[in-house]
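Asker: The residues making up each chain are set out below.
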Amino acid sequence: MNISVELHQTDLLTVNGIIKGEIDAFTAPTLREKLAEIDLKENLQVIIDLTDVSYMDSTGLGVFVGFYKSINASNSHMELIGLSSRLKRLFDITGLGEIMDIQASSGEVKIDETV
Amino acid sequence: MKPFDYVEIRVPAKPQYVSVARLTISGLANRVGFTYDEIEDLKIAASEAITNAVQHAYSEEEDGEVVIGCALYEEKMEIMVADHGKSFNFEETKAQVGPYNESEEISFLREGGLGLYLIETLMDEVKVHQQEGVTVFMTKHVGIEQVDGNVKHISS
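Chains as they are written, first to last, in the numbering used here: chain Y, 1 to 115; chain B, 1 to 156.
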């Protein structure tokens, strides 16, 4: 199991990110490093697609909290999109769902294969 | 006959093995008969405890091991995670762990902030034991939240 993080600067003030895979103790540092590469500046919009994130725990939440702090400090904006109901729930039960700009995926609940 | 099947997993105290243990627990939970959502809850809760153990063991010595004991009952699963790398007598250790209160020095568990909170939220019962390392004991019952959803219709 691994993680892939793609970042595309689509215009001067927009960065689109796509994260795929599992975010846990092993992969979270990779995600943190990748997000730190974004050159944050005023009014920058960072939109991160989590549609293909099949697993996440507090290590992942920690990365997003850290990134969210940097975002706020630089007056940029972060939006998390495509969250499965599982991921949405994780943000909600920790109270982060009310603080961050989060969009659940519009489609049906994605059922991952479970062993 | 013992009232439960016992499976013990030992992994090196390294972050890359957290997902291995998680997958194993997912398989065991499936065996017990948990729903998809319950299994996802178990995966997160167990990962939180294992991650804590890995990070704790990491700061102490490099070649530690994390021991994860899983007791599979008819309608519940107990998971015990210890960061000291020694095998335990499941029942004996289980008897030693007790409820903790907020003021106890389990601050390391809270270091990451949300780990213990998630375990408490996602599991039915959580106990922590601190003696030569830390042991987290947690229980989840099948269908405790969605009883109605588990009612089977005989005729259709």
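Accuracy of the hints is not assured; some may be wrong.
To be verified - 30 Å max Cα-Cα, derived DSBU-like pairs, lysine-lysine:
(1) B/LYS2 <-> B/LYS127
(2) B/LYS14 <-> Y/LYS69
(3) Y/LYS20 <-> Y/LYS41
(4) Y/LYS88 <-> Y/LYS69
(5) Y/LYS88 <-> B/LYS76
(6) B/LYS76 <-> B/LYS2
(7) B/LYS2 <-> Y/LYS34
(8) Y/LYS88 <-> Y/LYS41
(9) Y/LYS20 <-> Y/LYS34
(10) B/LYS127 <-> B/LYS14
(11) B/LYS14 <-> Y/LYS20
(12) B/LYS76 <-> B/LYS14
(13) Y/LYS69 <-> Y/LYS20
(14) B/LYS76 <-> B/LYS94
(15) B/LYS94 <-> B/LYS14
(16) Y/LYS34 <-> Y/LYS69
(17) B/LYS14 <-> Y/LYS88
(18) B/LYS2 <-> Y/LYS88
What the hints assert, rightly or not - Across the chosen pairs, the derived CB separations fall in these ranges:
(19) B/GLY143 <-> Y/GLY95: 51 to 59 Å
(20) B/ASP37 <-> Y/ASN16: 29 to 37 Å
(21) B/GLU75 <-> Y/MET100: 35 to 43 Å
(22) Y/THR51 <-> B/ASP37: 16 to 24 Å
(23) B/GLY27 <-> Y/ALA36: 18 to 26 Å
(24) B/GLU74 <-> Y/ALA73: 46 to 54 Å
(25) Y/SER70 <-> B/PRO12: 27 to 35 Å
(26) Y/THR10 <-> B/LYS2: 58 to 66 Å
Think of the hints as simulated: they come from the structure by calculation, not from any bench. Just so you know, these numbers come straight off a predicted model, no measurement behind them. Beta carbons are placed, not taken as given, at the ideal position from N, Cα and C, and that holds for glycine.
Asker: For every hint, state whether the structure bears it out.
Answerer: Hint check results:
Proximity of B/LYS2 to B/LYS127 is assessed by CA-CA distance (about 23 Å); at most 30 Å being required, the pair is judged to hold. Annotation: proposed proximity of B/LYS14 to Y/LYS69 holds, straight-line Cα distance about 28 Å (limit 30 Å). For the suggested pair Y/LYS20 and Y/LYS41, the alpha carbons sit about 25 Å apart, so the restraint of at most 30 Å is met. Restraint check for Y/LYS88 and Y/LYS69: satisfied, since their Cα atoms lie roughly 20 Å apart, inside the 30 Å limit.
Restraint check for Y/LYS88 and B/LYS76: satisfied, since their Cα atoms lie roughly 26 Å apart, inside the 30 Å limit. For the suggested pair B/LYS76 and B/LYS2, the alpha carbons sit about 14 Å apart, so the restraint of at most 30 Å is met. About 49 Å separates the Cα atoms of B/LYS2 and Y/LYS34, which puts this hinted pair outside 30 Å; it is violated. As the CA atoms of Y/LYS88 and Y/LYS41 are separated by approximately 27 Å, the hinted pair is consistent with the 30 Å bound.
At roughly 13 Å between alpha-carbon atoms, Y/LYS20 and Y/LYS34 fall within 30 Å of each other, so this suggested pair holds. A threshold of 30 Å between alpha carbons decides the hint, and for B/LYS127 with B/LYS14 the separation of about 24 Å falls inside it, so the pair holds. For the proposed pair B/LYS14 and Y/LYS20, the alpha carbon gap of about 22 Å is at most 30 Å, so the pair holds. In summary, the hint linking B/LYS76 to B/LYS14 is supported, as the alpha carbons are separated by about 28 Å, within the 30 Å threshold.
Straight-line distance between C-alpha atoms of Y/LYS69 and Y/LYS20 comes to about 23 Å, which keeps the hinted pair within the 30 Å bound. For the suggested pair B/LYS76 and B/LYS94, the alpha carbons sit about 15 Å apart, so the restraint of at most 30 Å is met. Distance hint between B/LYS94 and B/LYS14 is fulfilled; the C-alpha atoms sit about 25 Å from each other, no more than 30 Å. Taken as a hint, the Y/LYS34 and Y/LYS69 pair is honoured in the structure, with Cα atoms around 16 Å apart against an allowance of 30 Å.
Distance restraint check for B/LYS14 and Y/LYS88: the Cα-Cα separation of roughly 28 Å lies within the 30 Å cut-off, and the hinted pair is therefore satisfied. Annotation: proposed proximity of B/LYS2 to Y/LYS88 is violated, straight-line Cα distance about 40 Å (limit 30 Å). Evaluation of the 51 to 59 Å hint for B/GLY143 and Y/GLY95 yields a failure: the beta carbon distance comes to about 27 Å. Checked against the given bound of 29 to 37 Å, the beta carbons of B/ASP37 and Y/ASN16, roughly 30 Å apart, stay inside it.
Here the CB-CB span from B/GLU75 to Y/MET100 is close to 37 Å, well matched to the stated 35 to 43 Å. As the Cβ distance of Y/THR51 to B/ASP37 is approximately 19 Å, the hint placing it in 16 to 24 Å holds. The hinted range of 18 to 26 Å is not satisfied by B/GLY27 and Y/ALA36, whose Cβ atoms lie roughly 35 Å apart. Range check, B/GLU74 to Y/ALA73: Cβ separation about 52 Å, and the 46 to 54 Å hint holds.
The given range of 27 to 35 Å is respected by Y/SER70 and B/PRO12, whose C-beta atoms sit roughly 33 Å from each other. Distance hint check for Y/THR10 and B/LYS2: the Cβ-Cβ separation is about 59 Å, which falls inside the suggested range of 58 to 66 Å.
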